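Asker: For this note's numbering, count along the sequence shown from 1 and bump the result up by 4.
Mixed in with the good hints there might be a few duds.
With a Cα cut of at most 16 Å, we get these calculated EDC-like pairs of lysine to aspartate or glutamate [said to hold, decoys possible]:
(1) Lys48 / Glu95
(2) Lys9 / Glu95
(3) Lys186 / Asp98
(4) Lys118 / Glu78
(5) Lys9 / Asp111
(6) Lys125 / Glu95
(7) Lys186 / Asp111
(8) Lys48 / Asp30
(9) Lys48 / Glu38
(10) Lys125 / Asp89
(11) Lys118 / Asp89
(12) Lys48 / Asp111
(13) Lys186 / Asp121
(14) Lys186 / Asp89
(15) Lys186 / Glu95
(16) Lys92 / Glu24
(17) Lys118 / Asp98
By construction, these hints were calculated from the structure, which means they are not laboratory data.
These numbers come from a predicted model, not from an experiment.
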Amino acid sequence: MMDMKLDFSSFRASNEAIPELVFEWDTVSALANELSNQNNPLSKCLRRLRVYLTDERPPWGIIGAVRSNRPTFEADLSVLLNMLDVNKTLEYLDVVVPFGHFLYLNDFRAHHLKPIDRSLKLPTETKVAFLSVFLSRENPAERKKSKRRTTRGMQLMRPICQLDQHVMSKILAFTAPRVLRKVYLHGPPRNNFEEPDQIPI
């Protein structure tokens, strides 16, 4: 079982049609392979993912490890690690494993809080402070009226102050801090009477 959160804002921002997402999600390995393809629309849209490498049993989804499934279990963990090496847009990965099966825990920890190829949104205060520098510069008409002597430094500043909105947006996006990916690997509830916490993805 898997939980996903998709984000199509980048397509809307560039007036692109939202792509049709056709992918294999029957197995963890198949999904991880899809996310390892940087040209796959799913890898561009998927922001948060929770994977349950567990056997669910009613009534509370209690989980038990099955020895016969261990090769598949290890293969799923391995392919998820390979995906993290390649995918640079997934912000959050939460892997739920059976009791005590924390194989590759240190390998998953190595990916925690690593920067990815996405940027945080700059606070409004930062944008206002940045733009105020340009808005405070007097326009060419005002400079002609004042007839003040223009220094070489002021001449060099003119092209910067005359940047259009598109270029300014690119500059702001470039200066924004990068998103730090969060990666977790943990076990299920501790006893048969505890219902798993349904943490929103």
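Asker: Is Lys118 within 16 Å of Asp98, Cα to Cα?
Answerer: holds (15 Å)
Asker: Measure nothing beyond the straight line between the CA atoms of Lys48 and Asp111; if it is 16 Å or shorter, mark the hint as holding.
Answerer: violated (24 Å)
Asker: Does the structure keep Lys92 and Glu24 at a Cα separation of 16 Å or less?
Answerer: violated (21 Å)
Asker: Straight-line Cα separation of Lys48 and Glu95 no greater than 16 Å?
Answerer: Between Lys48 and Glu95 the Cα gap is close to 11 Å, so the pair holds against 16 Å.
Asker: Has the given pair, Lys186 with Asp89, been kept, meaning a C-alpha gap of at most 16 Å?
Answerer: holds (14 Å)
Asker: Are the Cα positions of Lys125 and Glu95 separated by 16 Å at most?
Answerer: holds (14 Å)
Asker: Given the hinted pair Lys186 and Asp111, is their Cα-Cα distance within 16 Å?
Answerer: Given that 16 Å is the threshold and the Cα spacing comes to 13 Å, the pair holds.
Asker: Within a Cα-Cα threshold of 16 Å, do Lys118 and Glu78 meet the stated pairing?
Answerer: Violated, at about 23 Å.
Asker: CA of Lys118 to CA of Asp89, is that 16 Å or under?
Answerer: holds (11 Å)
Asker: Holds or violated: are the alpha carbons of Lys125 and Asp89 at most 16 Å from each other?
Answerer: Distance ~25 Å between Lys125 and Asp89 Cα, so the pair is violated.
Asker: Would you check the hint for Lys9 and Glu95, treating anything up to 16 Å between C-alpha atoms as holding?
Answerer: Answer holds: Lys9 to Glu95 is near 10 Å, not above 16 Å.
Asker: Need the status of pair Lys48, Asp30: alpha-carbon distance at most 16 Å?
Answerer: Between Lys48 and Asp30 the Cα gap is close to 20 Å, so the pair fails against 16 Å, i.e. violated.
Violation of the numbered hints given earlier is confined to hints 4, 5, 8, 10, 12, 16; the remaining hints are satisfied by the structure.
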